[in-house]
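A.B. asks: Let's have the full structure, built from the sequences with the hints guiding it.
Number of protein chains: 2
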Amino acid sequence: MSDLIERARELDARDPLAAVRADFVLDEVVYLDGNSLGALPANVPGAVEDVVRRQWGELRIRSWTESGWWTAPERIGDLVAPLVGAAAGQIVVGDSTSVNVFKALVGAVRLSGGPDAGRDEILVDASTFPTDGYIAASAARMTGCTVRPLAPAEVPDALGPRTAAVLLNHVDYRTGRLHDLPALTAAIRAAGAVSVWDLCHSAGALPVGLDSHGVDLAVGCTYKFLNGGPGSPAYLYVRAGLQDRFDSPLPGWNSHAEPFGMRPEYAPADGAVRGRVGTPDILSMLALEAALEVWSRPDVSVDAVRAKSLALTDFFLECVAAYVPEGRVVTVTPRAHAERGSQVALACEDAGEVMERLIAAGVVGDFRAPDVLRFGFTPLYLSFAEVERAARVLADTLG
Amino acid sequence: MSDLIERARELDARDPLAAVRADFVLDEVVYLDGNSLGALPANVPGAVEDVVRRQWGELRIRSWTESGWWTAPERIGDLVAPLVGAAAGQIVVGDSTSVNVFKALVGAVRLSGGPDAGRDEILVDASTFPTDGYIAASAARMTGCTVRPLAPAEVPDALGPRTAAVLLNHVDYRTGRLHDLPALTAAIRAAGAVSVWDLCHSAGALPVGLDSHGVDLAVGCTYKFLNGGPGSPAYLYVRAGLQDRFDSPLPGWNSHAEPFGMRPEYAPADGAVRGRVGTPDILSMLALEAALEVWSRPDVSVDAVRAKSLALTDFFLECVAAYVPEGRVVTVTPRAHAERGSQVALACEDAGEVMERLIAAGVVGDFRAPDVLRFGFTPLYLSFAEVERAARVLADTLG
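If you're matching them up, the sequences are chains E and A in order.
Sequential numbering of the first sequence, starting at 1, is according to UniProt numbering.
Sequential numbering of the second sequence, starting at 1, is according to UniProt numbering.
Honestly, the hints are just simulated from the structure, not real lab data.
Using N, Cα and C, we set each Cβ at its ideal position, and we do this for glycine too.
Treat the hints with care, as some may be off.
[Unchecked claim] Coverage of chain A stretches by chain E, computed from C-beta distances (three or more under 8 Å per stretch; other residues unrestricted): (1) 33-44; (2) 128-137; (3) 275-282.
[Said to hold, decoys possible] Here are the simulated distance ranges between beta carbons: (4) 46(E) <-> 153(A): 45 to 53 Å; (5) 66(E) <-> 66(A): 36 to 44 Å; (6) 301(A) <-> 18(E): 55 to 63 Å; (7) 240(E) <-> 263(A): 34 to 42 Å; (8) 18(E) <-> 18(A): 53 to 61 Å; (9) 7(E) <-> 46(A): 41 to 49 Å; (10) 22(E) <-> 126(A): 52 to 60 Å; (11) 82(A) <-> 116(E): 47 to 55 Å.
C.D. replies: Structure, rendered in structure tokens:
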């Protein structure tokens, strides 16, 4: 046991991201649930207080222009863009992930030509986070399509002239499996269909490469590895080459070419702004903007984060193997780096109770029915010492 | 002039809401733009700080249950309910007004039977705030309907067996005209169509009576007379008797009967919760919850607010008539109380420049193209002395 404690000490001493931890508010709890709700960045309380007291309280309505409220969705979209490999002008922040899945999928069907062009099928990852499937069913119903659930690995064979759109998760929320975005995107494009990627569990944890892999549309949340806060706004990516044909099912006034023209006829704005809908939620949006500041540190990059993420999850698996009796838990997350997100899922029959005891013992992960212990690893603020301790407490808890 | 100053003093001395002003953060500016963005309630900064520092920063993921985050949309919906004459359990807070208009209108067409039942027309107020019309066009396109724009007064004659849904504004955003919700709702119901009311400019300013007048669906924002803050979440009302047939076009996981069951099949929750979509935006939502506390004061009621609102707008019109040379501005807002919301719109050719000078002189209203000076009156924090001063400065500004 002391070997692993010593190893953790060495890994922490060599960790190029170790200093970033001070930018977050943390305590003695080992917080392995940043893939559900990221920890509080230390600069956010002050930023939010300024938004509330000065921008709203003193400037009031003037802040829509003077405090940059009106342009926040596209400005913050441009802060998210480099984290997912997108050039500026293609991402807009706002609404929930579910609402953005609806915009993206209906938009994708329309871009494909849809049922009028013989494309009447939407392929959806069968193991997706449920909301994507529910919204896909609604998008299909409202565009004259049907939904076909399948495993991501089955997508290439299922693609055909009837495929309108394909909705996939970059990282599976339950297993932590990282899907092959480049190959799947290429296959979707070759079939003449439109790709929609859900980046909730990958953005901020690993390189995505939206532009370089030719992704058509993408959505993601900002409260997991981007630490935007509870229910912070999601985002929508529309590839630059598709923007002038992107036809949103939610053409609110914020997406109008001239929003304050108050014209009865709708005319869509150019660019990412076309993905906006209604009045942006400023408090949450500007909290997110502050939370993203950490990415402008010279020592922080997506590559550095990915390297540490793999080191953390490797080390956790190593510690679990050393501390937990063989057979007590089954590792669900793939061991191959190319197939692993930034989480480790362990299965055991009594996972619900185990997670309760683990949380009581100061190690916070979460339980996903029916049998998964889910541990998220946020490289910006986790240490190897914490990872070793989490595995040790887990072993004690498993008894 | 001194007569009106003296009158203002007397009106303020007798104002039963005068003490409520201390619950808001105000300064020497006369703020007549609360119908666009309400002023900051004094208790909100502390409430938001607690949400950020303690609930998010210390409790982190535990706050979804321990701080009541998960149930906030329906809990805060029940705080909005009495302000619009709704019993509990019919309103859910979340998403933007535009997104809620989409849910409500698609839901309304489906409730009417839609094109399959020969109901393929959506009637929409032609002078509506533009987003309602844009979203109505999308809802119509996606449900096989057409949109027919018309004046609210023309609705009764236009209703017929082909009418699926009718989307109307309770108060016109530009003119401040209050439409006859009881009579129009009754006519819509008699025609077998479904009513959808937009309450953005009436909720918190005057009695709405959703339940007593038999309104089917309604939406509204919370950042105007409800003072929820910039982009605070909107709400959706679905009459109790329609909830089990309400079929949302945005069936996100938050509206599932068992959201954490993570089931691939969608099964809608009962009640107002069915109108939820994705993860609620907690910072803005809990700021709104704090902002609504003022309505629990024993001296605050919708009736008291309405009485003062009419007194404020009457007095403003009287001061304008006394101070501004006849013919310089035209009063757009109806003089009859039954037709007036909580704003006064004055038209003049140079309205854009006039409003700029007025704001520079410390009286904040807003300009709506092409020729409207718009002044909103929030009875919770405005004094008659401010109203007199606003009219006086306006007269100076108009030159």
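A.B. asks: Now, for every hint given, state plainly whether the structure supports it.
C.D. replies: These are the hints, each one checked on the structure:
1. 33-44: holds (count 6)
2. 128-137: holds (count 7)
3. 275-282: holds (count 6)
4. 46(E) <-> 153(A): 45 to 53 Å: holds, 52 Å
5. 66(E) <-> 66(A): 36 to 44 Å: holds, 38 Å
6. 301(A) <-> 18(E): 55 to 63 Å: Since the Cβ atoms of residue 301(A) and residue 18(E) sit about 58 Å apart, the hinted range of 55 to 63 Å holds.
7. 240(E) <-> 263(A): 34 to 42 Å: holds, 37 Å
8. 18(E) <-> 18(A): 53 to 61 Å: Given a distance of about 58 Å, which is inside 53 to 61 Å, the answer is holds.
9. 7(E) <-> 46(A): 41 to 49 Å: holds, 46 Å
10. 22(E) <-> 126(A): 52 to 60 Å: About 58 Å separates the Cβ atoms of residue 22(E) and residue 126(A), which means 52 to 60 Å holds.
11. 82(A) <-> 116(E): 47 to 55 Å: Given range 47 to 55 Å: holds, Cβ gap about 48 Å.
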